[in-house]
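Listed in order, the protein sequences are those of chains E and Z. The opening residue of the first sequence carries number 0 in numbering that gives the first Met the number 0; numbering runs sequentially from there. The opening residue of the second sequence carries number 0 in numbering that gives the first Met the number 0; numbering runs sequentially from there.
By construction, these hints were calculated from the structure, which means they are not laboratory data. Please note that a few of the clues may not be correct.
What the hints assert, rightly or not - Below, a list of computed lysine to aspartate or glutamate pairs in the DMTMM-like style, where the Cα atoms sit at most 25 Å apart:
#, chain 1, residue 1, chain 2, residue 2
1, E, Lys256, Z, Asp86
2, E, Lys647, Z, Asp125
3, E, Lys396, Z, Glu47
4, E, Lys254, Z, Glu44
5, E, Lys85, Z, Glu44
6, E, Lys640, Z, Glu81
7, Z, Lys48, E, Asp391
8, E, Lys254, Z, Asp86
9, E, Lys74, Z, Glu81
10, E, Lys68, Z, Glu47
11, E, Lys647, Z, Asp45
12, E, Lys387, Z, Glu81
13, E, Lys114, Z, Asp45
14, E, Lys12, E, Asp300
15, E, Lys647, Z, Glu47
16, Z, Lys129, E, Glu21
17, E, Lys304, E, Glu320
18, Z, Lys48, E, Glu59
19, E, Lys325, E, Glu21
As the list claims (entries may be wrong) - Over 12 Å on every C-beta distance to chain E, these chain Z residues come out as not near it, computed from the model:
#, residue
20, Ala10
21, Met104
22, Ser148
23, Val156
Glycine included, every Cβ here is placed at the ideal spot set by N, Cα and C.
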Amino acid sequence: MKKVHLLAHLSVKTELVATLQEWAMVQLHAAAETDRHTKKPARLDGTVASTGEAEAIQAEIGRALAYLKRYDTYKEGLIDSFMGLKAGVSAAQDAAIRRSFDGRAITQLTREYDKRLTEIASERRQLQAEQSALLVWSNLNAVPGASASNTVQVVFGSVAEKDVATLKARLEAECQDLYHVEQVQTSGSKVNLAVIHHASVVPAVLKEALFSPASLNTGGQVPAEVMLYLRSKLRVLDDEALAIAQASALLVGEKLKLQVLYDHYGSLIQRERVQGAAQDTAQTFWLEGWTDADVEDRLTDMLSKRFPDVYVRFEDPEPGEAPPIKLKNSKLVQPFELVTNMYGWPMYTEVDPTTALAPFFGLFFAIALGDSGYGLLVLAACWWLMRKYKPDAASSKFFHLFIIAGVVSVVVGFAVNGFFGNLLDYVPIEAVQHVRRSLVVIDPMTNPMAMMIFSIALGVVHILLGIVIKASMTWRGGDKAGALLDQGSWLFLLVSLIALAVSASVPALGAMALPAQYASIAGAVLVVLTQGRSAKGIVGKLGVGLYALYGGVGYFSDALSYTRLMALGMAGAVIAMVVNTIAMMVAASPIIGWPFAILILIVGHLFNLLLAGLGCFVHSARLQFVEFFTKFFEGGGVPYKPFRRESKFTIIRG
Amino acid sequence: MEWLGINAGMALAILGAALAVFLGGTGSSIGVGIAGQTSAGIMSEDPEKFGKLILLQALPGTQGVYGLLIGFWILIRLTGVEVVTVDQGWQLLFACLPAAVNGLMSGIWQGKVSAAAMNIIVKHPDASGKALILPAMVETYAIFGLLASLLLINRVVF
């Protein structure tokens, strides 16, 4: 990384920033917030006057896009939403859309549609409320309010069915003969009724909790007529909503154009932020940033051709400064940067762990999957997805990672006797069986102990490599004594212990046992003597040393942690076996047997692959992060993000 | 030993297998349930997150698979075995317990961690990868339980 300074006259500021964005070769400081309040002169392509306005327009387009999404017949699938893939547009197409398409008409229209739909929804709710209130009175063949006179009062209301008799009895008592109860209809356990009584007596019972009065305001019509009217009104609203939906569906065709505009304004805002971070004088401005040391010459050359008046200077980072990080790996290792980046980015002073991690990650994944059939499925899925989505370089890494893991899985799968579980066992051809058997190195189903020991052995190599990397980092950092004492003593002890374990379990190497025993004791003493050397006083040194030796238990639990590889592999294999067994049982039944069996095979194996695959990926990553990285890697670096067109929806191709 | 004419050895072995399936499955149901509630809550605001949330919700589901696996492993081991002695029955029953009990507890806790990790996906969508690792830390112990049960069941001699 090099620090880069650019100094030039203010008149080229806009163009320089735009060009740098296009080149994407420099990471520039950008203002975190744009100043919305000060009106700036028209600098943004002449179309908007300020960043605030650009942000407002972008937000408006975003709102329109969100609205149109409701009417989009193309629904984002699960994979789409997971991939976050963007639409590809050519540079010419992008420019043409920006030149000829004015998004304002559509954003305005969608805003009106959206508003009207909200209104319609609330009108509908109100009409429906009226409708449901009247529904229980629809049998009433009179106009509420019209039948009242000076001598006769009509009260509408409802009582519980069981209380009708009580009500009548009470009315009888209060009004004698001067009343009439008309039962209109029952709804549920309630009876809706009209109480007609003489105006001279107001029955007290009608004011009690027994009777709940209903206010019926039908505007001089019988309820049934009002209902008809409400229904027709609702129909009109529905028609209008449908028309809006149809018009909106037509607008979906303009989606790509809106997306292009959205991203265009996004990139204008980015440029403005970079310009805002520049230090201006009356006549000049000064930009500061980071760039890849490799592109120094090319950048100087390109700048001098395009902007002969721009002064550019490169500087090495000062000690203590934390430049952004760009990982540099070979093509084969690059996909594994994804795994490293899941954890974080290395600090500028650290080693990039990706190269060391790559072979182990692939192998771990393959062992945990332990099935060549599943490996082939992973490859097929990657091939199909890449063909369908044509991912950009960054997303391709993801697929390349799984392609490598898939290839390794195919190889490892045959070595551990897994092809869709034990599917090959059902092939009654001797040649196939012969090939299958000859490829098997360890069959975890018949020899799980061997598989477990292999997993732990792999883990031991992984852990030792971690310590060696730490040692070499310390050594190269100038602290040679530290490398020898800190990591060297542990390496010595651990290797001695491994030798001891091997000599105890392999009779042919029995002679190694005694030397290994002495070496282990010497190693332990060495660890106690060296690890506490920075503590104060002889007791302190010994105490810290002993405590460090006790911490060595951690290495054993780390090594045991790798047994998960074998367990995951067996888990997948047994489930696959179960799928096969069930399928074969079904296949034995007449006629429908085979179609059903094939269905079970497909669904069962896909389910197992998805669940097992997720576990394999996650646990392979965990072994890197928890068991491997802790030995030498801290992380905490900031990624190098060259100033480029960042987009949400579209990618400019070609 | 026969209890009321039942072959007790076989019954014990089946009890072991059943415990593994049922406790592992219970742990996973609770775990996936907890994670599912959280993901449903998040998706009511942002349905786009479905792809990432479903992965986190699926993670506590493995305990049920491991339990099922132990059940089948017992079944496979017993294939062709005529008589299971009471001793062998007890051995198989106890051998099933690590996967069963670890599955129950780790399934529940993994579900809780998954639900919590979903917040990472909401607040820092870029860190989704990290969010996947946290629940996997809990699963480690389900795997160890599975491993112990597998090896112990294999150790039973017929």
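Quick rundown of the hints versus the structure:
Taken as a hint, the lysine 256 of chain E and aspartate 86 of chain Z pair is broken in the structure, with Cα atoms around 75 Å apart against an allowance of 25 Å. A C-alpha spacing of about 14 Å is found between lysine 647 of chain E and aspartate 125 of chain Z, which places the hinted pair at or below 25 Å, so the restraint holds. Restraint check: the Cα-Cα separation between lysine 396 of chain E and glutamate 47 of chain Z comes to about 23 Å, which is no more than 25 Å; the hinted pair holds. At roughly 23 Å between alpha-carbon atoms, lysine 254 of chain E and glutamate 44 of chain Z fall within 25 Å of each other, so this suggested pair holds.
The suggested pairing of lysine 85 of chain E with glutamate 44 of chain Z holds, with an alpha-carbon distance near 23 Å, which does not exceed 25 Å. Between lysine 640 of chain E and glutamate 81 of chain Z, the direct Cα distance comes to roughly 68 Å. Violation of the 25 Å bound is thereby established for this hinted pair. Restraint check for lysine 48 of chain Z and aspartate 391 of chain E: satisfied, since their Cα atoms lie roughly 21 Å apart, inside the 25 Å limit. Between the alpha carbons of lysine 254 of chain E and aspartate 86 of chain Z the distance comes to roughly 71 Å, so the proposed pair goes past 25 Å and is violated.
Straight-line distance between C-alpha atoms of lysine 74 of chain E and glutamate 81 of chain Z comes to about 57 Å, which puts the hinted pair past the 25 Å bound. Distance restraint check for lysine 68 of chain E and glutamate 47 of chain Z: the Cα-Cα separation of roughly 12 Å lies within the 25 Å cut-off, and the hinted pair is therefore satisfied. Our distance criterion of 25 Å between C-alpha atoms is met by lysine 647 of chain E and aspartate 45 of chain Z, whose separation comes to about 17 Å. Among the hinted pairs, lysine 387 of chain E with glutamate 81 of chain Z is inconsistent with the structure: their alpha-carbon atoms are about 55 Å apart, more than 25 Å.
Distance check on the hinted pair: lysine 114 of chain E and aspartate 45 of chain Z sit about 22 Å apart at the alpha-carbon level, within 25 Å; holds. A distance of roughly 19 Å separates the Cα atoms of lysine 12 of chain E and aspartate 300 of chain E; the hinted pair therefore holds under the 25 Å criterion. Restraint check for lysine 647 of chain E and glutamate 47 of chain Z: the C-alpha separation of about 14 Å stays at or below 25 Å, so the hint holds. A threshold of 25 Å between alpha carbons decides the hint, and for lysine 129 of chain Z with glutamate 21 of chain E the separation of about 32 Å lies outside it, so the pair is violated.
As the CA atoms of lysine 304 of chain E and glutamate 320 of chain E are separated by approximately 31 Å, the hinted pair breaks the 25 Å bound. Among the hinted pairs, lysine 48 of chain Z with glutamate 59 of chain E is consistent with the structure: their alpha-carbon atoms are about 23 Å apart, no more than 25 Å. Restraint check: the Cα-Cα separation between lysine 325 of chain E and glutamate 21 of chain E comes to about 19 Å, which is no more than 25 Å; the hinted pair holds. For alanine 10 of chain Z, the condition that its CB be more than 12 Å from all CB atoms of chain E holds, with the nearest at approximately 23 Å.
The Cβ of methionine 104 of chain Z lies farther than 12 Å from every Cβ of chain E, with a closest approach of about 17 Å, so its non-interface assignment holds. Non-interface call for serine 148 of chain Z relative to chain E: violated, since the shortest CB-CB distance, roughly 10 Å, does not exceed 12 Å. Listed as outside the interface, valine 156 of chain Z is consistent with that label: its C-beta sits roughly 15 Å from the nearest C-beta of chain E, beyond the 12 Å cut-off.
The earlier numbered hints that this structure contradicts are 1, 6, 8, 9, 12, 16, 17, 22.
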